[in-house]
Amino acid sequence: MNSFNTGIDHETLVCARCGYCQAVCPVYAALGWESTGPRGRIAIARQAARGAPLSLDHERRVYQCTLCGHCREVCPTRIDTCDLWLDLRGHLAAKGSIARWQLRVVRDNLLAQRNITGDVPENRLLWQQNLETEIPGLNLQPNTRVVYFVGCVAGLYPQTQGIPQALSQILAQAQISFTTLGSAEECCGFPLLGMGLEDIAADLARRKVARVKEIGASVLVAACPSCYHTWRDVYPHLLGEPHGLQIKHASEFLADLLTEQRLNPQPQETRVTYHDPCDLGRNSGIYDPPRQVLNAIPGLELVEMAEHREHALCCGGGGNMEVVDPDLVAAIARRRLAQALETGASFLVTPCQQCKRTLANAARAERTRLKVFDLNEFVWRTL
Amino acid sequence: MQLIEETRMSQIAPPRFPKLAASLGERYTESDFERAFYRRDLASVPRVLEAMLARTTPHAVARPQNAEEVAALVQYAHAHHIPITPRAAATTVYWNSVPTRGGIVVDLNALRGVVSIDEEHLTATVQSATRWSELETALNRRGYATLSYPSSAPSATIGGWVNMEGHGIGSLKYGALTQQLQRLEIVLPNGEIFQATPESNPLLSWFVRAEGTLGIVTEIELAIRAKPEAIGNHWLAFSDVTALQRALVALATATPTPYSIHFSDAAHLRLLRDAGFETCQVFRNLTGLEPDTPQFQVLVTFDGSAQQVAAGAQTLKEVVARCAGETLDASLANLEWMERFASLRLKRAGPTLLGAEAWLPLNKLADYAADLARLTGAQRVPIATYGAVVTPTMTTVMSVFPSDESRTINYILDLSLTKKIYDVAFRHGGRPYGIGFWNAPYLHRAFASRELAERIARKRQLDPLNIMNPDKAYKPAFLLSPIFFDLGMDTLALARRAWSANR
Ligand SMILES: Cc1cc2nc3c(=O)[nH]c(=O)nc-3n(C[C@H](O)[C@H](O)[C@H](O)COP(=O)(O)OP(=O)(O)OC[C@H]3O[C@@H](n4cnc5c(N)ncnc54)[C@H](O)[C@@H]3O)c2cc1C
Ligand code: SF4
Ligand code: SF4
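Line order of the protein sequences matches chains A and B. If you use this note's numbering, the first sequence corresponds to residues 1 to 383, in order. If you use this note's numbering, the second sequence corresponds to residues 1001 to 1503, in order.
Please note that the accuracy of each hint is not assured.
[Said to hold, decoys possible] Simulated DEER-style distance windows between Cβ atoms:
#1 A/Leu-126 x B/Val-1115: 43 to 53 Å
#2 A/Pro-53 x B/Thr-1327: 26 to 36 Å
#3 A/Arg-381 x B/Glu-1068: 48 to 58 Å
#4 A/Glu-342 x B/Ser-1331: 31 to 41 Å
#5 B/Ser-1305 x A/Glu-310: 28 to 38 Å
#6 B/Lys-1227 x A/Arg-211: 48 to 58 Å
#7 A/Leu-111 x B/Lys-1227: 12 to 22 Å
#8 B/Ile-1409 x A/Gln-47: 15 to 25 Å
#9 B/Ala-1313 x A/Pro-53: 53 to 63 Å
#10 B/Glu-1119 x A/Gln-159: 43 to 53 Å
#11 B/Ser-1031 x A/Gln-159: 29 to 39 Å
#12 A/Glu-132 x B/Glu-1068: 54 to 64 Å
#13 A/Lys-213 x B/Val-1115: 53 to 63 Å
#14 B/Val-1115 x A/Arg-381: 34 to 44 Å
Worth flagging that the hints you see were computed from the coordinates, not collected in a lab. C-beta atoms are modelled at their ideal positions from N, C-alpha and C, and glycine is treated no differently.
With the rest of the complex left out, here is chain B (with noise of 0.2 Å):
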């Protein structure tokens, strides 16, 4: 780095870590600077709350580059009970991946790239922060494909979603994540390296969905298929939300299965045109929606041999058919299917999007929308609802609506929204989508007594000291708990509608 009047870029001080500082060399820092870099996620939270709540900035960061690496640097945190946050792409909402109480963050971004292809046995070994779209690529130039994928697969990573909940497109088809992993690296919280398969014990199914409190991923296998021959997409078109749901019911049980089906709703394209695309296919093609219109758009996409996708184009028309619905353009279709990784276009309406996801039997979907409106009412607030149909019987459906960050009293209120929706899943047997720091004030709501106390006991036998991914996914924060959360939330929620009924 040529700097004409040489300066000192960061104060010299002992490192607070120097065993760290010394076996990963430039791959580790304890700058001001850089830290600083790692205290968010996706998720705007004003700074008063941030303050308020943990400590965001890490200590340290270390980018290890390997399982050995990672190993060292576990033992040494167990060793000396520092906090360590796993962060991979860093593409979820709820703090997944935000330090709430300093320590190290373990940017595993350095851990990249596909090991190996087993054709024999269709299965692919990776690198845990390998992104989705790096190993579609990879497969697909060999002639394969990966079976499902999350909708942000340009960024998010292998070993993200295995921690997450491993449901997206192709989930549908070849069911969720869990299903195809064969096998798992692992740092545990004490520093080994473990070979998690469907009969080690611990199980491989302990790590998944575990939000990256009980060890660090460091490599995959997967199953993996041919790549299909054909693709068909169908862009259809529904005019009331009960002939919606009875489209998507009947969809996600027919034969052949659908990869993937997307939906959304009148007000996302609303929104979608606020947000500046308006000059957009999807614009010019849809003449005549008007904003009341309730109208519904689904993104049907089958996939495999030429002939197993001239069966789906079939049993779609009878579908569309029966269900009152209207099929439109194919082009556009191609169209939509090719933004299917560009749902933040959105927040081009926003600046920022508050919302919440949440998973909800598919058969509560039209109750779901119907109080759903009876919120965007009394609020007087444009939600937008889309979600993806990702088992036969479940999908998950995300509601956002725009706000502004940087006004922050407006924003605080806008934020108490987000209860009121996932109170809208809850009440049709809905839970949130992911936990993290922030929906685990919903905990009991997202899982059964028993499941809780036994991913609880899990936490408490591999993590004793509580050092991995601490305040995620077992126990809100001492002001999340329920009961401030609910009486803050509800307060808001109400400030908030008198405020938008007098405006």
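Okay, chain A solo, but in the shape it has when bound (with noise of 0.2 Å):
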């Protein structure tokens, strides 16, 4: 479905505020006032169109948002919804909002080191620290055709590490020759993105690509959902001007790898069911390779969620809410956490190392027996 964003004056005049986005907005259900809703957004976008002061009260409500992107999908004017709240956040950003809010600590780490964390960038090798079998060539090596990207979350969050660890001992089991950018690794510009710094972000990118070519490689794989998006279809917006690599999210690639029987998952008798990531899922268009990869697991019984593929259910984990508003994302986690609850699954398998995040925080604090795995952690624990 083509829509359009033609700038914020024009499409602000052009929403109906018909409500149909509200209806599905994840923000909106969790706190029901009419200003948290993407309508009620648009109200505040308006307000920016014609100069209007924006309070703080109405700059919280445009950080409230997790981009998820299903109000993009229901809109009967075809607004680009989500490119259009990029578009008030750069707003904001060119008035100093992002100083009053803690995104300036996450803007500022970006800016020292080049990661969310602020980490130092050798610590991007810390999750090779304990892998079970030793990876030749992992970091930086030269004329390798395949380059992972293993992103800030999934490389610097202890939580999430188990991630890195699994794709690539799961590629080394495959025989796939590949390399990483290790600690010279930067993040890919998402959070940037989404705090409507795009400049800086364009930067980051131009930076990225160059590495990259340098090694020779020809395929980008991400395990992130939000780090493929951006190099597939942000980067040659960027950039202006197509990268020429080939962007491959981990799920394409092991279904691949399953379909050509590189791979062989041992029988799991169990009952799973998949959470769609947005910036996969409805931003990228990535639907079924994760589900090949699970039905390819002899004897896994893949059940959908009430709400799932373009009508999932957001987890609450995207757009830099985290930084801004825990207590939603949690809200909002604890929703999809319901309808994962309501499948009788014994996992929740997402291939996002921040949707897991996200879910596991829920399915914790709601003492449940349900356990949350990312997909190569998954499939790792079947090979």
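Since each chain sits alone in its own frame, please combine them into the complex, following the hints.
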């Protein structure tokens, strides 16, 4: 479905105020005030377009959005709402808004260390310390066709470091020659885009594309849906030209490996439900490959949640919202978790480190027995 | 909320309605910031007009989550004579859910969810702000379906449609919503929780089409059906409006009865193209659409058993042959069916759309269209028309044209054409589809005198203090009294005509 963004001024006039977006918005479902849904945010954007001053209350509502894309899917006037939200954040950034919010810390980390946590670059190698098998050429190996782009969250958060460990061991087992950018990896820029700081993100994009090309790679694999979406869909726009790299999400890569029978998962007599990450599903259109991966595991029963694929509920983890309003993230995650529990599954699997974090936190807070896994981790357990 | 520089987000002032603030807690606000979001519906009204006519910003907004909370709130409002505006998805255009005297907006959206499905008696019980799309999805999962729904189903609520006209997709086959209602739980203007049924006193029918003026519906029990086994969509074209009307009349009374009939004219397609949808299937397949070709498209949908759907296709074939129609590609028909909730696509041709929706005898459609064509010519405005046949003899007809609310003077001139379109409908036995605030000047044309008198009597009986959604549905605001309204709008229309002739 084609969507339009002709600029804040025009799109906010085009909005019909029909509220289709409101009906699907996870933030509105959690908070309930008209101001908290996309229709309310359009009203705020209209004010911005008219040059009216925006208060902190307005700013807060702009940042209380996971950029999940659900509103864009249902909009009958075909407003590319997510793109509009980014423009609106750009408008706020230009007015110095970031400094008023915790977002400032993330921005400063990105400027100082080129990652979201502010860790020193060497910490990007920590996940490699306890791999079950040694993988040669894991860092910046020249003349390697495939680069695995690890991403800040998976690389730097202890809770998710199992993901790069799992994926790199899967690739090694499938005898894929690959490398990573090691400690030279930098954030893909997605959090900066989410703050409306497109210029800085463009700079990061240029540096990274050059680095991958230095290695001589032609394929880039990302396990993080946001990195994947940014590399695949946003970089050509930021760079003003195609980068010439083939971008694959890990789930696509694994699906290919399974089709080619380069992996041999062992039977798992268990019931699994699958959560579509917004940046992989709605925002990138990838729905089938992760399901193919799960269905390739003998004995596994895949049960869908009430809302899935294009209609999947958001986990709450996107759009930088965790730094702005963690309680809201938790409330949104609880709602998704409830749908997962309704399926009676033992495992909730998702191909995203951020969805895994938010849903696993919700599962812990709700004291459920549901085990939350990233897809790569889950597959690695079966090999 | 992690704000680096802690700032006071809103002034701490004692609440205007302290009891409500205490009882509803976080689901109640008097904040300037939040209240400002409740002063609009779909209508784009120039600020000057808005300021002249009403106080659209409420003093407070409350989000009760059950009938008891609604009842307590209404009792309080009743005791203190505070105006109340019930608001659900706010997908209406006549300020139906916009306050006119401030007061309290009761945002009903926390009353959301399917309560139960009775498979034996084929009924569903829902909270009133459940979306039609939510109910349909929940029913489909269990093998059931709604009988009908509005073409705003993705957001419109069941309580909202009960309070409005209740005709839409499926009405032709299954009748108006009112015929499907078994029970309404409603909080009356004095705060009493009342169960309205077809036998109760007052009757359930009193609360249908009441536009939120007789109480707040909190729960609804309505008829459902087994999910149809099959669906068949057909897209037809007619080269003139007489043929179109003949075909619609024949189809509306055909056996089997179509589930839905939706029609639109060539101007509608042209507006879609102007809106930037020229790459869509519709245009690729309808080549040869000349600017002045009076051409009409009809989407006819049959559903039910596979046999019924096949029988529908046969009936349709005969009608098309008899009325010199043409059958278009079946895949287009399916595509159009999938777009049945997206009529607002047209808005991209605006950015504002103005127009009027009327309830019109089906056998007057051709006269209406011819008359409207004269208006189009005189005012030099591209008016697009579409509609749905909703009973064997009646259709809704929506005629819209692009405008731009950001050009205030032109926009105010354009507003006058909405009256001109209604005038066309009145000349052919039509009436406005929905009243609210803005259509109140047409009340005497919308209802027969006896019917209007009866409605006013019900209002006096149930809401003598006139706290429940005042200024809607019974009497126009002073400045909208027919005498001022007609004169003002007609003068503006004349000015617009002169202006457009000189351009
Ligand atoms: C694209 C589009 C398509 C549409 N298609 C149709 C159609 O096919 N048929 C049709 O009839 N209309 C249609 N409409 C108009 C509108 O969507 C419907 O009338 C809808 O049912 C209104 O529901 P709502 O939840 O938006 O109510 P609101 O707009 O919030 O309220 C409507 C009125 O009902 C009152 N109200 C709402 N809920 C309650 C309640 N629980 N108790 C008491 N009063 C209440 C309000 O005070 C107000 O007066 C369409 C609108 C759009 C934008
Ligand atoms: S769905 Fe689109 S047109 Fe409708 S209110 Fe939301 S943004 Fe506006
Ligand atoms: S992107 Fe998601 S969270 Fe943001 S407004 Fe749209 S639906 Fe709501």
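Status of each hint after checking the structure:
Taking the beta carbon of each, A/Leu-126 and B/Val-1115 are about 52 Å apart, inside 43 to 53 Å as hinted. With their beta carbons about 57 Å apart, A/Pro-53 and B/Thr-1327 fall outside the hinted range of 26 to 36 Å. Between A/Arg-381 and B/Glu-1068 the CB atoms are about 50 Å apart, so this pair conforms to the stated range of 48 to 58 Å. Taken as a hint, the range 31 to 41 Å holds for the pair A/Glu-342 and B/Ser-1331, whose Cβ atoms sit roughly 36 Å apart.
One distance hint, 28 to 38 Å for the beta-carbon pair B/Ser-1305 and A/Glu-310, holds here, with the actual separation near 29 Å. At roughly 55 Å, the beta-carbon separation of B/Lys-1227 and A/Arg-211 lies within the given 48 to 58 Å, and the hint holds. For the pair A/Leu-111 and B/Lys-1227, the beta carbons lie near 56 Å from each other, so the given range of 12 to 22 Å is not met. At roughly 22 Å, the beta-carbon separation of B/Ile-1409 and A/Gln-47 lies within the given 15 to 25 Å, and the hint holds.
A hinted range of 53 to 63 Å holds for the C-beta pair B/Ala-1313 and A/Pro-53, which are about 60 Å apart. For B/Glu-1119 paired with A/Gln-159, a C-beta distance near 45 Å keeps the hint of 43 to 53 Å intact. Distance hint check for B/Ser-1031 and A/Gln-159: the Cβ-Cβ separation is about 37 Å, which falls inside the suggested range of 29 to 39 Å. Range check, A/Glu-132 to B/Glu-1068: Cβ separation about 59 Å, and the 54 to 64 Å hint holds.
Checked against the hint of 53 to 63 Å, the pair A/Lys-213 and B/Val-1115 passes, with Cβ atoms roughly 59 Å apart. At roughly 42 Å, the beta carbons of B/Val-1115 and A/Arg-381 sit within the given window of 34 to 44 Å.
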